[in-house]
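Student: Using the hints provided, position chain B relative to the given structure of chain A.
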Amino acid sequence: MAQGLQYHIDLVFCIDITGSMTPVIELVKEKVRKFPHDLRDALAAKDKMIHTLRIRVIAFRDFGNDTDAMSASEFFVVEPGTDLARYESFVNGLSASGGGDEPESALEALGVAQASAWTHEGDRQRHVIVVFTDASAHKLESRVGEAPSAFRDQIPASLDELTDRWEGGQSIRIRKAARRLVIFGPDAYPWNVLSDTWQQTVWLPSQAGKGLEDVEYETILKMIVNSI
Amino acid sequence: MSTDGGFFKPRFVTEKRAGLGEDAKPLFTHIQLVGSVVGVFDGMGGAGAILVPEENLKDQCSMARLASRIAKRAALSELNQWGKEDLSNLKTQIEAAITAQLRMLTKRPGGKGPEGKLRGTILSLYPTTVAIAVVRPMKDELRQRQLKILWAGDSRVYALDFSQQIPLQILTRDHTRSGDGGDGALSRFASADGLELEESDFNLPPSAAVIAMTDGCYGYMSPFRLLYTLVKHLVRSRDAEEWILRIQTDISSVAGDDTSFAISFGEGGFVACQQEAEKLLDYLEPIAHIQEVSPPNPYIVPFEESAYMELLVNQENRRQGAGVSTVIRTEIESAPSTITRVDHALPEASVGEQVPSVFLAPSTADLDKEMSSEPPPQSEAKG
Numbered sequence: 111m112a113q114g115l116q117y118h119i120d121l122v123f124c125i126d127i128t129g130s131m132t133p134v135i136e137l138v139k140e141k142v143r144k145f146p147h148d149l150r151d152a153l154a155a156k157d158k159m160i161h162t163l164r165i166r167v168i169a170f171r172d173f174g175n176d177t178d179a180m181s182a183s184e185f186f187v188v189e190p191g192t193d194l195a196r197y198e199s200f201v202n203g204l205s206a207s208g209g210g211d212e213p214e215s216a217l218e219a220l221g222v223a224q225a226s227a228w229t230h231e232g233d234r235q236r237h238v239i240v241v242f243t244d245a246s247a248h249k250l251e252s253r254v255g256e257a258p259s260a261f262r263d264q265i266p267a268s269l270d271e272l273t274d275r276w277e278g279g280q281s282i283r284i285r286k287a288a289r290r291l292v293i294f295g296p297d298a299y300p301w302n303v304l305s306d307t308w309q310q311t312v313w314l315p316s317q318a319g320k321g322l323e324d325v326e327y328e329t330i331l332k333m334i335v336n337s338i
Numbered sequence: 042m043s044t045d046g047g048f049f050k051p052r053f054v055t056e057k058r059a060g061l062g063e064d065a066k067p068l069f070t071h072i073q074l075v076g077s078v079v080g081v082f083d084g085m086g087g088a089g090a091i092l093v094p095e096e097n098l099k100d101q102c103s104m105a106r107l108a109s110r111i112a113k114r115a116a117l118s119e120l121n122q123w124g125k126e127d128l129s130n131l132k133t134q135i136e137a138a139i140t141a142q143l144r145m146l147t148k149r150p151g152g153k154g155p156e157g158k159l160r161g162t163i164l165s166l167y168p169t170t171v172a173i174a175v176v177r178p179m180k181d182e183l184r185q186r187q188l189k190i191l192w193a194g195d196s197r198v199y200a201l202d203f204s205q206q207i208p209l210q211i212l213t214r215d216h217t218r219s220g221d222g223g224d225g226a227l228s229r230f231a232s233a234d235g236l237e238l239e240e241s242d243f244n245l246p247p248s249a250a251v252i253a254m255t256d257g258c259y260g261y262m263s264p265f266r267l268l269y270t271l272v273k274h275l276v277r278s279r280d281a282e283e284w285i286l287r288i289q290t291d292i293s294s295v296a297g298d299d300t301s302f303a304i305s306f307g308e309g310g311f312v313a314c315q316q317e318a319e320k321l322l323d324y325l326e327p328i329a330h331i332q333e334v335s336p337p338n339p340y341i342v343p344f345e346e347s348a349y350m351e352l353l354v355n356q357e358n359r360r361q362g363a364g365v366s367t368v369i370r371t372e373i374e375s376a377p378s379t380i381t382r383v384d385h386a387l388p389e390a391s392v393g394e395q396v397p398s399v400f401l402a403p404s405t406a407d408l409d410k411e412m413s414s415e416p417p418p419q420s421e422a423k424g
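Line order of the protein sequences matches chains A and B. If you count the first sequence from 1, you need to add 110 to reach our numbering. If you count the second sequence from 1, you need to add 41 to reach our numbering.
Isolated chain A, as found in the complex:
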């Protein structure tokens, strides 16, 4: 029989690319680019085998302020490295600007991430969403209809609906046993709410104006590895 279980891991990075992220965006991009290698190595150290690792990137700003408020990639197959170059190219293309007022459209990004075409292949899957932001988020209820048409049908109209999808998941493909939410965000709405109420969530509170230090990146990586 095969040596242990093989994991099919889908990971969606939701990255805040508003202007306030300018000081740290290059560091975030660097970590996101090297993440497939680091994850593979960290899992191998725990004797956990990745069969397939796919990564999707959703970059967001503020629907109420920016015309290019969201861009979402497809899933790139990065392990094996079929799409590695395309993945890196997409990440390299991200730049921080815009955003307007401080709350951003992170909950909309979370909605789009939830609605991803998550894998159901293999004997064990992990569906992981990782959010990088330095800001609070607009309430979904106050922004109904503002999302670009390409994403509108993927974004719930309220936090309750978003929560129901996370906890129930009937309308989306995310598996309850497989789901994990890792948040790197400030001590503000909605991160301090989600971390207390959504199952399978871990939150590393960030400090305003401070980016992603190595120790924090290591913590996030470790959290993801341990949750797999």
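Because the hints were derived from the structure by calculation, they are not lab data. Treat the hints with caution; some may be incorrect.
[Claimed, not checked] Restraint-style ranges between C-beta atoms, simulated for each label pair:
1. A:G278 to B:E237: 35 to 45 Å
2. A:G278 to B:A137: 32 to 42 Å
3. B:R149 to A:S205: 41 to 51 Å
4. A:D263 to B:K99: 50 to 60 Å
5. B:P155 to A:G278: 26 to 36 Å
6. A:D306 to B:E237: 48 to 58 Å
7. A:Q264 to B:D127: 56 to 66 Å
8. A:H230 to B:S347: 20 to 30 Å
[As the list claims (entries may be wrong)] Below, in silico cross-link-like pairs of lysine-lysine (DSBU-like), each with a Cα-Cα straight-line distance of 35 Å or less:
9. B:K132 to A:K144
10. B:K66 to A:K156
11. A:K158 to A:K144
12. B:K99 to B:K148
13. B:K132 to A:K286
14. B:K66 to B:K180
15. A:K286 to B:K148
16. B:K153 to A:K156
17. A:K144 to B:K99
18. B:K66 to A:K158
19. A:K158 to B:K153
20. B:K66 to B:K158
21. A:K332 to B:K158
22. A:K158 to B:K180
23. B:K148 to B:K66
24. B:K180 to B:K158
25. B:K153 to B:K99
26. A:K332 to B:K66
27. A:K158 to B:K158
28. A:K286 to A:K156
Predicted model only: the values in this text are computed from it and were never measured. We treat Cβ as the ideally placed atom computed from N, Cα and C, and that holds for glycine.
Tutor: Coordinates of chain B only, in the frame set by chain A:
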């Protein structure tokens, strides 16, 4: 594998990463007035990933690693001090003892990990599974044994009895959240926030062995492969020590996790178990030697499982055709040949918890038994 104090204890624990394992060394002891005890404790690495000071306050380890060891020690201490035959309050006392010890860990300097760092519902303070089985003889002429199981989480207790139509039976149900499937988050476990053990009592036939094991043992092989591994090495081993070593090697070689396992043999000990296993192995070998290489599909029963089920059906049909079933029924009525749940309700598929499947296997109830005796195990030293 353990030979503590010069007396062999049929148990093992393996670590995927040396020195970082989250399974405690299994509980294996005999306590006067209480009985034989086996137990496993699996620190939850995801929920208990935060690094905290070790007990010596110098080194660091994960909350999960420390939790399993402390929970085991608390349970063993409670059992050692029990001092009476009545086990009716054991559940409450072990719950209190484990919770108190885990809470004390949080009160140490740095006992909650770095302040202000990680938060979230995935995390817990010193989380660990618990599965404890207490076995003791009943004072009846049928030589039955009483079994009390206390557990929380997905560590399991099995009965292994080749006189049963189902030789390897899961006696616990995993506490996983509803709809989460086999690898879902646990809905019950021990932590500094508390512990609610589930309790089940059984009457066992004299020949039944009781096994406690963590998910590293059963989670990386099919139920058929687990039974086959136990049976194959039972037959091929000279003694219990070799058997434990062999199954430890096989199980840990495929497990992507730490593993721990302890067994309390039934009447006749290893030798009786081995003799019964020989007959079963004849049925299992032909299936085990065909390897399915197609990728797993959650909607299709794997070959070895379906082939084994088919074998069972054919066996049962043959037995009924030969009129053997009447004999079996007579035996059940007159002899202690079945495992029966005693004073707790059968597990319901209650909201939020999953009932594990029972694994069927051919009966050897109509085969002759030959028992041998084994000395009772010695008590395990505290700590």
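Student: Would you mind marking each hint as holding or not holding in the structure?
Tutor: A quick look at each hint next to the structure:
The supplied range of 35 to 45 Å is broken by A:G278 and B:E237, whose beta-carbon atoms lie about 25 Å from each other. At about 36 Å, the beta-carbon gap between A:G278 and B:A137 stays in the expected band of 32 to 42 Å. Restraint check, B:R149 to A:S205: a C-beta distance of roughly 47 Å satisfies the suggested window 41 to 51 Å. About 56 Å separates the C-beta atoms of A:D263 and B:K99, a value consistent with the hinted range of 50 to 60 Å.
Judged by the Cβ atoms, the range 26 to 36 Å given for B:P155 and A:G278 holds: they are separated by roughly 34 Å. Take A:D306 and B:E237: their Cβ atoms lie about 22 Å apart, and the range 48 to 58 Å is violated. A hinted range of 56 to 66 Å for the beta carbons of A:Q264 and B:D127 is consistent with their spacing of about 60 Å. Distance hint check for A:H230 and B:S347: the Cβ-Cβ separation is about 22 Å, which falls inside the suggested range of 20 to 30 Å.
Restraint check for B:K132 and A:K144: the C-alpha separation of about 49 Å exceeds 35 Å, so the hint is violated. Distance restraint check for B:K66 and A:K156: the Cα-Cα separation of roughly 20 Å lies within the 35 Å cut-off, and the hinted pair is therefore satisfied. Proximity of A:K158 to A:K144 is assessed by CA-CA distance (about 19 Å); at most 35 Å being required, the pair is judged to hold. Under the criterion of a C-alpha separation no larger than 35 Å, the hint pairing B:K99 with B:K148 is consistent with the structure, at around 16 Å.
Simply put, B:K132 and A:K286 have alpha-carbon atoms about 31 Å apart, close enough for the 35 Å limit, and the pair holds. Annotation: proposed proximity of B:K66 to B:K180 holds, straight-line Cα distance about 32 Å (limit 35 Å). About 34 Å separates the Cα atoms of A:K286 and B:K148, which keeps this hinted pair within 35 Å; it holds. Distance check on the hinted pair: B:K153 and A:K156 sit about 24 Å apart at the alpha-carbon level, within 35 Å; holds.
Between A:K144 and B:K99, the direct Cα distance comes to roughly 33 Å. Compliance with the 35 Å bound is thereby established for this hinted pair. Restraint check for B:K66 and A:K158: satisfied, since their Cα atoms lie roughly 22 Å apart, inside the 35 Å limit. Taking the CA atoms of A:K158 and B:K153, the gap is about 28 Å. The hint holds against a cut of 35 Å. Distance check on the hinted pair: B:K66 and B:K158 sit about 31 Å apart at the alpha-carbon level, within 35 Å; holds.
Annotation: proposed proximity of A:K332 to B:K158 holds, straight-line Cα distance about 13 Å (limit 35 Å). Between the alpha carbons of A:K158 and B:K180 the distance comes to roughly 49 Å, so the proposed pair goes past 35 Å and is violated. Annotation: proposed proximity of B:K148 to B:K66 holds, straight-line Cα distance about 25 Å (limit 35 Å). Between B:K180 and B:K158 the alpha-carbon distance is near 56 Å, which puts this suggested pair outside the 35 Å criterion.
Of the supplied pair hints, the one linking B:K153 and B:K99 holds, its CA atoms being roughly 15 Å apart against a limit of 35 Å. Restraint check: the Cα-Cα separation between A:K332 and B:K66 comes to about 25 Å, which is no more than 35 Å; the hinted pair holds. For the proposed pair A:K158 and B:K158, the alpha carbon gap of about 26 Å is at most 35 Å, so the pair holds. At most 35 Å may separate the alpha-carbon atoms for a hinted pair to count; A:K286 and A:K156 meet this at roughly 23 Å.
Hints 1, 6, 9, 22 and 24 from the earlier list are contradicted by this structure; the remaining hints agree with it.
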